[in-house]
Amino acid sequence: MSVAPSPKEIYARSEREGERRLSMSLLEETSTGFIAGVTIVFGVVALGMAEELVLPAFGEGPAKLAGALAFAIGVVFLVVGRSELFTENFFDPVAKAIDARRRSTWLRLLRLWGVVLVLNFVGGAVMAFVFSVDGTLPEGAHDALDRVAEEIAAKSDLATFTRGVAAGTLLTLLSYLLNAVDSVGPRIALAYAVGFFLALGPFDHVVVSGLHVLMGVWLDGAVGYADVLRNVVLAGAGNLAGGLLLMTLTHTAQVRG
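Using this note's numbering, the letters of the sequence shown correspond one by one to residues 1 to 257.
Treat the hints as calculated values from the structure; they're not laboratory data.
Hints are not guaranteed to be accurate.
Ranges of calculated distance between the beta carbons of each label pair, as one might list FRET restraints [to be verified]:
| # | residue 1 | residue 2 | range |
| --- | --- | --- | --- |
| 1 | 101 | 58 | 35 to 45 Å |
| 2 | 220 | 4 | 43 to 53 Å |
| 3 | 134 | 60 | 23 to 33 Å |
| 4 | 193 | 122 | 26 to 36 Å |
| 5 | 150 | 256 | 42 to 52 Å |
Just so it is clear, the structure is predicted and the values come from calculations on it, not from any experiment.
For glycine and all other residues, C-beta sits at the position ideal for the given N, C-alpha and C.
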């Protein structure tokens, strides 16, 4: 029976993974960020289809539960495919940057964040447009996606920020936990569990929620581009606060202390 690694061993693995990500070329960062954006939209669309199938027969509660179970598949695709979602780079590369203590490493980290965030949206927007075309999805799925987009946009500024804190903490926790396992099976289980909880909240991830609201705009719902921008800014700030302050820096203190 394998023995669970200690916090120091997990952190050392995180630093090695962080070095790999920070050593990627601009082309690698661009392509992996683009792929992640494309991939996560499949989770968003799965959520909409599952909700629409379950809602008429079982009601709103079971429909939202089914949607969360379906969305988690998208997070599994991300983790197994080793693509880069913005908040996945809050733990490993930061751990490496703290260890290196070099200005050049922090600059590489900022470039990684910027490139991945932008390409997440570019790749996601491509797929969101594809799925927004009438007839691409089963009948009723667009209504469900539009409804969720309006629910996301209707939250107050503070609620959007705090939901972003929760999402950033969850996704960064996933990055940490993935360094504690050695095979694909546990990675799938961890990714699915975190993806399910993320959608069940639902908690606002800057890319996931932003793309969902963007789909609502293109589906001619009651949301607009201003709602997309507002969600990206507030959820992104919350993601940074949760991922860096509540998870990355506390684990760093745990190990270095």
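Evaluated hints:
1. Roughly 55 Å separates the CB atoms of residue 101 and residue 58, a value that falls outside the hinted 35 to 45 Å.
2. Taken as a hint, the range 43 to 53 Å holds for the pair residue 220 and residue 4, whose Cβ atoms sit roughly 50 Å apart.
3. The hinted window of 23 to 33 Å between residue 134 and residue 60 holds, with their beta carbons roughly 25 Å apart.
4. In this structure the hint that residue 193 and residue 122 lie 26 to 36 Å apart at CB holds, the actual value being about 29 Å.
5. Checking the proposed 42 to 52 Å range against residue 150 and residue 256 shows it holds: the Cβ atoms sit about 45 Å from each other.
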